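Trainee: Going line by line, the protein sequences match chains Y and A. Just so it is clear: in the first sequence, position 265 is 264 by numbering that gives the first Met the number 0, and no numbers are missing. Just so it is clear: in the second sequence, position 112 is 111 by numbering that gives the first Met the number 0, and no numbers are missing.
Bear in mind the hints are in silico, worked out from the structure with no lab data behind them. None of these values were measured; they are calculated from a predicted model. We treat Cβ as the ideally placed atom computed from N, Cα and C, and that holds for glycine. Each hint can be trusted.
Every beta carbon over 10 Å from chain A, so not counted as near; a handful from chain Y, in silico:
#, residue
1, ALA60
2, ILE132
3, LEU158
4, VAL180
5, TRP300
6, LEU305
7, VAL344
8, PRO361
Here are some of the chain A residues that sit facing chain Y, going by a computed Cβ distance under 8 Å:
#, residue
9, ALA15
10, PHE32
11, PRO161
Below, each chain spelled out in residue letters.
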Amino acid sequence: MGNAATGFGDRLFLGMRFRDYVRSLMTPGNVLAGGIVALGVAAIAYRFWMGLGAATNLTQATPWGLWIGFDMLCGVALAAGGFTLAAAVHLLGLKAYEPVVRPAILTGFLGYLFAVIGLMCDLGQPWRIPYPIFYQYGVTSVMFEVGWCVFLYLTVLALEFSPAFLEWMGFKALRKRVGQVMLALIVLGVLLSTLHQSSLGSLFLMAPGKMHPLWYSPYIPLFFFVSAIVAGISMVIVESGLSHRAFHHRLSPDRPADLDGLTLGLARGGAVVMFAYLFLRLLGLSEDGRWRELASPAGGWLAMELVGLTLVPCLMFAWASRHRRADVARIAAGLAVLGIVVNRVNVSVVAWRFGAPDHYVPSWIEITVSVALVTAGVLMFRWIVNRMPVLNVEEERS
Amino acid sequence: MIAAGLHGLVLDHALAYLLAVLYLLSFVPFWRFVNRTVPAAAPAAAGEREAARGWFDVPDGFGFHPGHSWARGIGNRTFKVGIDDFARSVVGPITGVTLPGIGARVRRGEVAWTLHGSAGSLPMVAPVDGEVVAVNRGASLASGRVETDPYGEGWLLEVRQPSGIRGAEGLLSGAKARAWMESVAERLHRAFAPELGPVAADGGTPVHGIGVGLAPADWDRLVEDFFLNPTGDGRA
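Only chain Y is shown next, with the shape it has when bound in the complex:
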């Protein structure tokens, strides 16, 4: 709407002169975020200049740390809202949720993008990342499936989000073409997500001896897949709530009335999936008598994960849905997101050689890079939402 007639500079600088635009950016929040990102870039440069050994606390015994546990595993899980919502709207016909699909796909795309950047930092020889795709497949490795799925799904997410970019640029013909293949892209996205969300869990099947029995289970792939749906739904609730507060000026007037209803519908779905997920986790504990470890200190930490960050948000979702309290649903979603983060870090870092005297603690460079990647993701989300039709799809299409 009107974009074709608008200059590229106007679109880029929100209709302001460049000098005014730069001045508008000089706020305390932006300066702080810019500083964090700059620090992160310096930390990444140091990692590539000095190597993994100097920049991280990773060892041969603990080869996966914060960048895999947090940036990769959490980034991918929390990005699952893209495929969950796209499947709900376009495959299951739940059209009421259409207003939150584009933000969910954008969150998914950025989640994967920054997960891959985190992965590049973690790889000893990052220039070899295209090997499984183009050069040396390694079909016997779980990494083969993970590599291909992440590569393909990142491409699919970029294509799924491309209509917003094309509408912003005013490329109507190309936008129409992409629209014609959108359903195929969504089917492909759901397929790839199902495959690799679970195959990320499969990575841990190769190390039963190194993982604490309370977190190891032959069902880890299933846990990862089901919890990714929880993470995706919860993240959409969190993201839409925050967007609603932060982007008033981009919202269509009738959106505030819709948002609570959508949040409660998502909370209902979240409650049911979390309920199933909780029982699956308990079933995992019953396997090979792992439940006997519950009396150990690690059992307390697992109880915190399963009760405080899974059962409690599950019941809060259910209560919120029943009493139509969107505010409670948003708090529950925040807890659920935290629960997924804690779970992924538990599986990949905490449970790894649990109790070993040289237990891994991330270095300040690892922490700096992770914080900077999250900050950069939020900034990029804001930059895109301020320009492209993400929150008001109907308005911009008309």
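Go by the hints and put chain A onto chain Y.
Mentor: Just chain A, lined up with the frame of chain Y:
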């Protein structure tokens, strides 16, 4: 030793089966709990909607922003801009308006002027993007025009949009605007029913200057929830 092993194996399997049965038995009541809303909620909401109907004037021919400002095209990519009946009712009696100067740039959804009234100061957001080309000085001098005629003589600004910037699309008008205003009134009734007192309870319309009787914390909540004042850095 073998017996103990067998015992452990049986116990593990029994636990697994028990969990499966427990899941199946508890899922149905859980599903019912999640999918049934509390019955009292619907009549209460309907009552609130009925009580709030028609509180605020929403004339045709205006585009309404959820921050309770309006825009009306007057040609040549120029819009007259003002406040709606809700804002007038909340803040009034109005003692003054702080307006931007001619040539200032306003952005849709960002604070553009401040209304001063007996209830307090109310920063309000612009309904459209553009450059201010005229201001209604009469409005800023507390002449009473904003209060008596917010959709006519009480206009605040004339804003001209540069070529290609979005116009007034996305603003609500007609039946959609009336439905939106009803939902706003309903939310107001629900959020501040005790403070609104007998006025709302007896089915009447709220008094002029709804915000006057609110505590400072409630006033801040009302300004944030109903006038969409952005609080952080919304741009990059």
